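*Asks:* Note that the protein sequences, when read in sequence, are chains A and B.
The numbering of the first sequence is the numbering used here, which starts it at 1 and goes up by one.
The numbering of the second sequence is the numbering used here, which starts it at 1 and goes up by one.
By construction, these hints were calculated from the structure, which means they are not laboratory data.
Heads up, a few of these hints could be off.
Unchecked claim - Chain B is nowhere near these chain A residues, computed Cβ spacing over 12 Å in every case:
id : residue
1  : THR7
2  : GLU28
3  : GLU36
4  : ARG39
5  : ARG47
6  : LEU49
7  : VAL51
8  : ASN57
9  : ASP67
10 : ALA72
11 : LEU73
12 : GLY74
13 : ILE75
Stated by the list, open to error - DSBU-like, lysine-lysine: derived pairs with alpha carbons at most 35 Å apart:
id : chain 1 : residue 1 : chain 2 : residue 2
14 : A       : LYS66     : B       : LYS80
15 : A       : LYS21     : B       : LYS80
16 : B       : LYS76     : A       : LYS3
17 : B       : LYS195    : A       : LYS14
18 : A       : LYS76     : B       : LYS26
Stated by the list, open to error - Partial list, computed: chain A residues near chain B (C-beta under 7 Å):
id : residue
19 : VAL11
20 : TYR30
21 : ALA33
22 : LYS37
23 : GLN48
24 : GLY50
25 : ASN58
Note that this is a predicted model, so its numbers are computed, not measured.
Every residue gets a Cβ at the ideal spot worked out from N, C-alpha and C, and that includes glycine.
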Amino acid sequence: MIKIYTTPSCVYCKMAKEFFKTNGVQYEEYDVAADEKARNEMIEKSRQLGVPVIEINNEVFVGFDKDALVKALGIKK
Amino acid sequence: MYDIIIIGGGPAGVAAGIYTARKKLKTLLMTEEFGGQSIVSDDIQNWIGDAHISGFDLAKKLEAHLRSYSEDVDIKIPEKAVEVKRIDNNSLSAGFEVKTDKNNVYQARAVILASGARRRKLNIPGEDRLNGKGVSYCSTCDAPLFKDKTVAVVGGGNAGLEAAIDLFPYATKIYVLEFGEAFKGDPISQEEVKKNPKTEIIFYADAKEVMGDNFVSGLKYVHRKTGEEKILDVNGVFVEIGSVPNSEMVKGLVALDKYGQVIIDSKHSTTSEPGIFAAGDVSDDPYKQNNISVGDAVKAALAAYNYLLKNK
Chain A
1 MIKIYTTPSC VYCKMAKEFF KTNGVQYEEY DVAADEKARN EMIEKSRQLG
51 VPVIEINNEV FVGFDKDALV KALGIKK
Chain B
1 MYDIIIIGGG PAGVAAGIYT ARKKLKTLLM TEEFGGQSIV SDDIQNWIGD
51 AHISGFDLAK KLEAHLRSYS EDVDIKIPEK AVEVKRIDNN SLSAGFEVKT
101 DKNNVYQARA VILASGARRR KLNIPGEDRL NGKGVSYCST CDAPLFKDKT
151 VAVVGGGNAG LEAAIDLFPY ATKIYVLEFG EAFKGDPISQ EEVKKNPKTE
201 IIFYADAKEV MGDNFVSGLK YVHRKTGEEK ILDVNGVFVE IGSVPNSEMV
251 KGLVALDKYG QVIIDSKHST TSEPGIFAAG DVSDDPYKQN NISVGDAVKA
301 ALAAYNYLLK NK
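Generate coordinates for the entire structure from the input sequences, incorporating the hints supplied.
*Replies:* Right under this line is the structure:
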């Protein structure tokens, strides 16, 4: 399962979600502005405080790095 | 070989691309992302024609408009120009070569610089090491992560004041540090920051070090009047101290001012180097505004068109 930790006003979170949708990738979203448990989980996993944080097969990505996601998800261009 | 290479995908780059495409010039546009610096803005209220638009939606509209001319514009994204040089120093018409971070080299007869600006950093110890670990350059993105925390905002211009305002719903206390003797932001924002009981304003503050092991735990600054050194116990440091032009790729080729901005002639967006034009925040135009960037870029595109006609 792919997880994405977001805040409502974060534009790179929106870009990442749009990227998932365009490529038909299912994901679960956690809003760390509202969900304290998710916030702590995110900080623990990524050891940092920036959003988005994306988790793919236990690999953690900080920020929206399209090339890295393409690689991790095995998306063919 | 292209007629024109446009460097940048913000309002300036896109405007230039639409105009060169309409002139049927063979255009290449390279950018790291579309939208420019205001992409992180939640609500832009001065983009003419839209009373409210988010930076994200503006970026999408700009990209879609440019892509509607895809027949005449090749788009390279994400790709960043690292060096621009003349192919032959003895021949104006030989054109230019643009080297990129993907190790590609593209050639064109003219270049429009629309590479914008990036956030200025404090360049103090701890800033890079703790980037993302309490140091943030995007209050709209990261403010919610500082719920119930104490934070410092460095910078008392509009961006700094807006960062403080973004933080009010979440942080318990917000220090706002200004290097000078007064805030420089709009009076409306100043009022809003000053009247909030969570705010503590520190003028004459010269930030010296971001402290912390795994996460930010403090900010050291010197009071410029008294010389006193103090440490604020904060979990977050939001840096909002202006921007730096992305002009490194033309250093030594075109004339820059002391801030590194490309000096342009405001009539035609020309630079010191024939065949190179510039518009938007990379230029020395004093008003850093999306609408201005668009207008200057249109001038650059039309002037480049005329330049190409004359220099076949």
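*Asks:* Give a verdict on every hint.
*Replies:* Structure-based check of each hint:
Against the 12 Å criterion, THR7 (chain A) falls within the reach of chain B, whose nearest CB is about 5 Å from its own CB. No Cβ of chain B approaches the Cβ of GLU28 (chain A) within 12 Å, the least distance being about 19 Å, so the stated non-interface status holds. Once the 12 Å rule is applied to beta carbons, GLU36 (chain A) is inconsistent with being away from chain B; the minimum gap is 8 Å. Consistency note on ARG39 (chain A): stated as away from chain B, yet its beta-carbon is not over 12 Å from all of that chain's, at 7 Å minimum.
Its beta-carbon lying about 7 Å from the closest one in chain B, ARG47 (chain A) breaks the requirement of being farther than 12 Å from that chain. Distance check on LEU49 (chain A): its Cβ comes as close as 5 Å (rounded) to a Cβ of chain B, failing to clear the 12 Å threshold; non-interface status is violated. Annotated as non-interface, VAL51 (chain A) brings its C-beta within 12 Å of a C-beta of chain B; the closest such distance is 6 Å. Annotated as non-interface, ASN57 (chain A) keeps its C-beta farther than 12 Å from every C-beta of chain B; the closest such distance is 22 Å.
Non-interface status of ASP67 (chain A) relative to chain B is broken: a Cβ of that chain comes within 12 Å, the nearest being about 8 Å off. Every CB of chain B is more than 12 Å from the CB of ALA72 (chain A) (nearest about 17 Å), matching its label as outside the interface. Distance to chain B confirms LEU73 (chain A) as a non-interface residue, since its nearest Cβ pair spans about 17 Å, more than 12 Å. Non-interface status of GLY74 (chain A) relative to chain B is upheld: no Cβ of that chain comes within 12 Å, the nearest being about 20 Å off.
With a minimum CB-CB distance of about 15 Å to chain B, ILE75 (chain A) clears the 12 Å threshold, and the non-interface call stands. Restraint check for LYS66 (chain A) and LYS80 (chain B): the C-alpha separation of about 15 Å stays at or below 35 Å, so the hint holds. Distance hint between LYS21 (chain A) and LYS80 (chain B) is fulfilled; the C-alpha atoms sit about 26 Å from each other, no more than 35 Å. Distance check on the hinted pair: LYS76 (chain B) and LYS3 (chain A) sit about 29 Å apart at the alpha-carbon level, within 35 Å; holds.
Only pairs whose Cα atoms come within 35 Å are accepted, and LYS195 (chain B) paired with LYS14 (chain A) is accepted, the gap being roughly 33 Å. A distance of roughly 29 Å separates the Cα atoms of LYS76 (chain A) and LYS26 (chain B); the hinted pair therefore holds under the 35 Å criterion. The criterion of a C-beta within 7 Å of any C-beta in chain B is met by VAL11 (chain A), whose closest approach is roughly 5 Å, and the hint holds. Of the supplied interface hints, the one on TYR30 (chain A) is violated, with its beta-carbon coming no nearer than about 12 Å to a beta-carbon of chain B, more than 7 Å.
Proximity of ALA33 (chain A) to chain B holds as hinted, the smallest CB-CB distance being about 3 Å (cut-off 7 Å). Because the smallest distance between the Cβ of LYS37 (chain A) and any Cβ of chain B comes to about 13 Å, over 7 Å, the interface hint for this residue is violated. A least Cβ separation of about 4 Å between GLN48 (chain A) and chain B falls short of the 7 Å threshold, and the interface hint therefore holds. The closest approach between the C-beta of GLY50 (chain A) and any C-beta of chain B is roughly 4 Å, which is under the 7 Å cut-off, so the hint is satisfied.
Taking 7 Å as the C-beta contact cut-off toward chain B, the hint placing ASN58 (chain A) at the interface is violated, the least distance being around 20 Å.
Taken one by one, the earlier hints fail for this structure at numbers 1, 3, 4, 5, 6, 7, 9, 20, 22, 25, listed in ascending order.
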